[in-house]
Amino acid sequence: MELLVASAVGMMTAAGIYLFLRLRTFPVILGLALLSYAVNLFLFATGRLIVGAPAILSLHLKEYTDPLPQALVLTAIVISFGMTALVVILSLGAYLETGNDRIDMHEPLDAPQVDATTATPSDGPEHHPAGPEEQS
Amino acid sequence: MPLALIAALPFLGALFPALMARAGRNTCAGVTGAFTALALLGLLLHAPAVLAGHEIVQRITWVPQIGLNANFFLDGLGFLFALLILGIGLLIILYARFYLDPKDSMGEFYTYLLLFQGAMVGIVLSDNVLLLLVFWELTSLSSFLLIGFWKHLAEGRQGARMALAVTGMGGLAMIAGMLILGHIAGSYDISEILKHRTEIQASPLFLPAMLLILTGAFAKSAQFPFHFWLPHAMAAPTPVSAYLHSATMVKAGLFLMARLWPIFAGRPEWFYIVSTVGLLTMVMAAKIALFKDDLKALLAYSTVSHLGLITFLLGLGTKAAAVAAVFHIINHAIFKAALFMTAGIVDHETHTRDAKRLGGLMTLMPITFTIATIAGLAMAGIPPFNGFISKEMMLEAAAHTYWLGNPWILGVVATLGALFSVAYSLRYIAHVFLGPARDDYPAKPHDPGFGLWASPGILAALVIAIGLFPMAMAGWIVTAAASAVTGTAVHPELALWHGISPALWMSVIAVSGGALLVALHAPLERLWLATPKPEAKRIFDALMRAATGAARGVTEGLHNGAISRYLTIFSVTCILAGAYAYFSGTVSAGTRALTPLEPVPLIAWFALVAATAAVVMYHHNRLLSLVLVGIIGLMVSIAFVYLSAPDLALTQISVEVVTVMLLLLALNFLPKTTPKESSSPRKWRDGIIAIAGGLGVGGLIYALMMRNFAFQTISAYQMAHAKPDAGGENVVNVIIVDFRGYDTFGEITVLGIAAIAIYALTDALLRGPANARLRGWVPDLKRAGDRHPLMLVVATRVMMPIAVLVGIFIYLRGHNDPGGGFVAGLVIAIALLMQYMASGFAWAHLRQRFNYQALIGLGVLAAAFTGIGAFFNGRPFLTSDFGHFYIPYLGHFELATAMGFDLGVFLTVVGAVMLALASLSLIARRAGETVNRAPMSIDPREDAAEASPEARPENAPGTDVAPDGDGPPPAPEVR
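Here the protein sequences line up with chains A and B, keeping their order.
In short: position in the first sequence from 1, add 565, done, that's the numbering used here.
In short: position in the second sequence from 1, add 448, done, that's the numbering used here.
Since the hints were made in silico from the structure, they are not lab data.
Don't be surprised by glycine CBs; every beta carbon is placed ideally from N, CA and C.
Mixed in with the good hints there might be a few duds.
Ranges of calculated distance between the beta carbons of each label pair, as one might list FRET restraints [unchecked claim]: (1) A:Lys627 x B:Glu1046: 17 to 23 Å; (2) B:Asp1234 x A:Lys627: 54 to 60 Å; (3) B:Leu493 x A:Leu655: 57 to 63 Å; (4) B:Gly1376 x A:Leu608: 41 to 47 Å.
Okay, the calculated bits of chain B under chain A, using three or more residues with CB under 8 Å as the criterion [what the hints assert, rightly or not]: (5) 1052–1064; (6) 1104–1115.
Bound-form chain B, shown alone (with noise of 0.2 Å):
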């Protein structure tokens, strides 16, 4: 099986559980753990060729530009690591099948425990690092969704919030490090990097970026000072527990550091740190676990502590001290995931974790007492089970290891190690199962069904196997992976009984000392309570509450709600940027000539100008001021035609048109004046910051045209291909529909989007407050007398089948002269919104058949399946094609298939600009605005039929009539 496959399996399989969740628990638990053991199967079709040396590789290219490759490869070291999480994840998916309460969901649960699974064979069998980063910070995030797996629990919340935290900026640091290191080695590449052994050692950026690495590294591995975090994630459930802190999570900055072990082991830098650190951690954990009485965090703090024993023999770089590491990783992976899971199983039986409440489980619950004791004396180092001969080979380590010239300091810390770990093992037992059996439990305790100690019994028994015949059980990987570490072929001889040795001096020690502190329990627990400690999470929470008080601080001052202020602040940045950038630079004399100057561009200059100059004296008159852009906006759109930009031109100037009445349309219901309320300090400064801003962007913009083009521009290509490849003479058209056509087609859906978001914020507004504002609206400017005069009545009749004409015909033209699907939309919609104007917008709209939303719809589609067209020539999207056609009567065409595209936009501009509108006369609807009976105010068919001598007051608010027309009646207005 491919790796990457095997990778993508557990994702593959997160899209199942949640389905399957409807269908039982069983079935939802099957398709879970069949998808585990598929990828387990593809791994195990591996193990000949790794155990034999061999690397499997498998290269996809993903990025190469960054040396982002999807490259897999598969070596012992991978090999035990993908093999631990695969298999005890089919042991906790049992496992978790019986634990979680039908309360639970549970499609959930194994939806997030499959993402994380999958997240971890990824960074196990990633060879690039970059790959690899990826992983891991996928392993933060599933971990973060299962630790705070139970919401309704603060703890919960709390521990995933904070696991999070820590191993996410761990992450960040490892980035780092990793960049250095592929840096230096000019590879991205896990295979490549560790052949570079000496150029990295040489390289000034190599305690940096070792530094870097082991922050991530430890961060996830809760090495000191990053422990704290590990305890509190013992919220989550223990089938969580179990797996990410015996085989997963945690294992991940071992495997890095084990990974990464040639090029750093042996250096002094890397000894002092990883064993000092690894070392310190066991110790200070042993003791903390010590005094835990909570049975999951005397559990994790014990897991805090192997995790330092693994740390330590890794930083010692002896190729010894890797096979024991290699060897401990899955001695503590089997027992800690058994031990949680009976922790589990007790939690689950007694309803309670509390060692104090416990006790005397022993008769109660037999075979979990089996369990837990097979389990518990593997972690304390007891023969004859498999953590013996693990804890052994790493005593034997540090017994004959200096440390700072030293001889024996770090054999004795070890053996205080050994000696706390022995202890709280023996606490485990002892406090739980053995003594009196109690008769106040919170609920009676009994061996739970088979499905539920399953998993923790095949573990045990896997734990004294291991034990009683190492080479057989464990040999064959412990020699592939300690290889794979190593770099170098190891021969590891692994046994119970190693002869009298220093290391089985300092067991018996440590076995003897950690009896004697359990039987000394009680009087040690008081004088520990006594002694004051700091307590990692609230230095955490407070760290935490420093940081978001600082982050919010920025965010208010920036952003405390006014717009005005906000926009103050980026104009300023903009220009003081833009200022930095002149007065850092150089600025030479333009080389272009100026164009000749004549008397037209000069005299619509003028009037812009003295129109922009009226816009910003006159703000204050609305309406005025709304004429005064409009002037503005025609004057920019003489400036296209003049400056060779016809079909600019045509685009503005119709924009222009549909953009005031849109304005106008608003108008009427906002206030007519802006009232004169900023102080003059105010607008001096929004006088200077304004100037300074049009000075720098009129001043690039004028050094831009006095200068020729840095580089040759792509247009000469689009101009030169523009016939032969798409068939267009219109080089700006060609450009919209086909050479940019992925641009053009996204800017339609953004258009359409809009159009149908203002059409959604329409009708949410009609429905809140400002419906009652509006249907007590005043008008308050004076109705003209004739509001649907007679003569614009009958000449937008007229023009309307040659404004319709005439957009057919911009429309068609465009791929070969000015024009095309935007402007064509845009006259259409103005030859509609005349019609609208003329007779009132209810009217003209119940006379219309078709839907804006649909026209929109239809719109993004048609240019859609153009683009999708040139699949079936086997081309890529949007690739367009054109013919020469003979039409009988009307001569040679060409048809492009860029037209079907362009029929997209238009149909897209003309459904987004009329719905734009529409929404807006909607809201004058309700506030009273009604349904004309006749076209135009003054019906002379009106006139002659009733000659009643009333005078009756035309299309008064409130005679909502059926229209004459063959349109449907208007809906009756709701008072």
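Just chain A, same shape as in the assembly (with noise of 0.2 Å):
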């Protein structure tokens, strides 16, 4: 059981060097997607494995799995939520902003720059995502 798991983090964490590594963003963030289950299942395990014994106080169980890993990493796979939904946001704006969405930026924008008098601060959202009160 143990090298499966063991076995299964080394895969995910030499994908997930492997995706980052790239020059597109989008298998960059399926890169830190893949490093963060990497990352939450080695921390799981380091309060070892331990089958059928969940940290919930019962009568008939003697031995229990070790509760402070699995808090922290509940935890860090909610965080892992924000910052991949954040990263999503960046890249989304960069590629939006400047037609292309390589990574790495000494490397010539192949796409032209949109007109800036096309776009004005005027053009703000009309729609803001808090509520229907926010509407003008």
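The task is to assemble the complex, starting from two chains supplied on their own in separate frames and drawing on the hints.
Here is the structure:
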């Protein structure tokens, strides 16, 4: 069982590293997602593997799994969602602003820049996602 | 008054000048002065005890683990310095009130001044060296602000940077020296360190510690070879120069040498380094001062020279020299502050400080002339002014000291220094005030108002009073301070007339030689200008350029704007560090037995490995790779289920759902394929890095799992206390909401911030060039025939209440069974998202009555208030409480305050997830997505109502109409 977990962590790490070394944003995001799986599983496994003994107090169990790594990983999962969402917006924004989704700055931008005169500050969002009362 | 309060008063005062600046210049200066005066009063209340030889001590434990305590103590030496800092500070505040131009921001000036004053008082009152170092660095920082106060002047900015660089680097050296000293003595309290003289002198680290501390002190007190920053700091407004370079900043180094005098004095290393450097600085700076035309530059070099004099005296290591040093510290502070102020007055009234353009001001500015002459003659060391007495004492000490066995060399060099000192002092008087009045001054000179000359006037009166009655005026404080420096009771005899002594003859030579030099100034200056001199600033600038060039080279080599490069460097560094640790250590076999293998996990493992391999192989097809990542996430959730982590499994699977949705939404606007552009060698390189990383991480976790815990884990405590102390059976949840509640509180705050950042980014995005691109968006995928299928709409409507019920259920059971705020929040978010998917985001959004930002704020506040609630029980933040309640008809319930905290978590998660996805769909709206008029693509009611024959496209772009629901209509699209 330990072998399976360790090899899965190793596989996901390797895939994550390979993908985040690519040159476009989308594979990098996927690579980071894979790496978060690997890291979460890694942290979880530091509590050692126990089958069928969740850390929920009961009269039948003598031994429990270690709850602390689980608590840490639980919050880490949610935080990594927040991080992924932020990175997605950043990459989407970069793509929409520049017309390409490369992650390296020194490469020439292959798409022409949007004419600044057509996009004015008054072109703000009409509908805020904040709720109906925010609408003008 | 407690010592800590005396040191704190200027800092507290620093809050006010900026606030008071609008109330007028007098109020602003008055408030500033009030805080200084209050601190001075507090200090003076301690005067009787200190002068009687007692030490006032105040100890505040701060970080005792590293020996850092806010310990203050006040003895004669500290008292003298604090008196100078606060007393002259008060005069400077008065002077600056009238000196500063209405254009200068007075509030800003006084704020910096008080910050600096507080830092200085802190230095001289600190008993703990670490605390002293904190204040020491604060003086460097606040003096940077003061010197660069006139931000529009390039010299001001450069001078401030140079002062900060030199004194800051000296400060770093001193930190090292102080730490060594504290390490040898076994305590970081100065009063303790001073008791360990013999241990410190016997230690092999004595010399390094001394050299490091001296580097710091010399840099601060502008001793050779660090003297060059001080003249460049003259770009500051004159009140700053008068303050920093008479009584405070530059005296900090002297203070430190005097403070540590008992452990260093008498050692030959100390004698040769300190007295030689001091004497060298004194003569060299005095010579340069003679040829400076800028009055402030002249005074700056004279300051360096006098600091050298005092350093020389401290280096001699005898009690008589220490007494002379203390006395000259007082005298120099008084006459130098007065001289700087007169230079400021001349500059203020004539608009020039160039000695070549001045002269003959005696009749035009008689008051200024009188003050400047008194202070100038004191600096020259001419009786009956105060500078004469301490200079005689210095010459006396020099005349009786052997240097490398030579009995007269110190006396000769000291006389030479005194001679130059007389020369530049006389020149300051003669070339500015004497001679015929000119008619080409840049402005018509006249004496300033009383406000401007009051401060130097008071100081000039002190110069005379101390000169005439040294014992009555200064004897008491010199005794107290010199006793504190030497650590033994000294009884100095200060007198104007010492009888016919060698020192008197040396003085006579110095005065007559100095007068001669002034008379011969013009030919000497031509000679001076003809000789080449090393320009310290050019050397300094070259060094700084080299340093910044090197730093930029390294930074740009690592961070050249290519993220793939950073990530490669980062991964390789991590792998190499891991490899180094692995190969330099020893590996023993694991001790734990393998957990037996069963078929179900094996199947999941195969799925995971296959999906991972496939992601790498097919990552160019983005949609496919997203699906594969979803499979991997699902398999990870299954692993959590199997390995006794139900909470994790629930969280992982619900996060998986929202993440995939988010990425799908984003992918709508991104290219659907990744071009194949990596070269083959690059792929190989990345592959090798990836495999090395994977092997390392996999091997590490395998090794970890095969071993037992090295220490008892703290989970045992948590398991034991979850039920009795926190009232929960699900220990994972109890840890999240209770034991590590602080952590969770931070995490939900971060999550909320991330979501709001996403919202803000979207908002900014839609105002920039992306807006135009989106408006002209042409979908690159074919749209589905029915985007809002009837079956999906009906199914999600039915599911909605059930899903919400499940969410609430998961939230309520969380404390005792798998579940909790995080999972419940995600489940509710998914329930809402299903509606959004079924009928379109905008349609659903119009029907939803709460604001996501408010939800996030509410969540964080709910968690915070639950935590604060513990205060009312007299417990620390986030201490939870629980109790059992009986609710009629429902039975016994257990309620814990942690539920309130978990509610905060729940609300934040719902708000954050929804806000992130809502922001993304906002982009979709901009790209032509419309509000559909009906909840589904085929609306039976609509079909019945509109029996018109022409087929109208359903929900075609541009057909924004008010939905028939109860929400307000959408704003019209601005095209």
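Outcome of the hint check:
At about 21 Å, the beta-carbon gap between A:Lys627 and B:Glu1046 stays in the expected band of 17 to 23 Å. Checked against the hint of 54 to 60 Å, the pair B:Asp1234 and A:Lys627 passes, with Cβ atoms roughly 57 Å apart. For B:Leu493 paired with A:Leu655, a C-beta distance near 60 Å keeps the hint of 57 to 63 Å intact. For B:Gly1376 and A:Leu608, the hinted distance range of 41 to 47 Å is satisfied, since their beta carbons lie about 43 Å from each other.
Counting residues of the stretch 1052–1064 of chain B whose C-beta sits closer than 8 Å to any C-beta of chain A gives 7, which meets the bar of three, so the coverage hint holds. For the stretch 1104–1115 of chain B, the stated coverage by chain A holds: 6 residues have a C-beta nearer than 8 Å to a C-beta of that chain, and at least 3 were required.
In this structure, none of the earlier numbered hints is contradicted; all agree with it.
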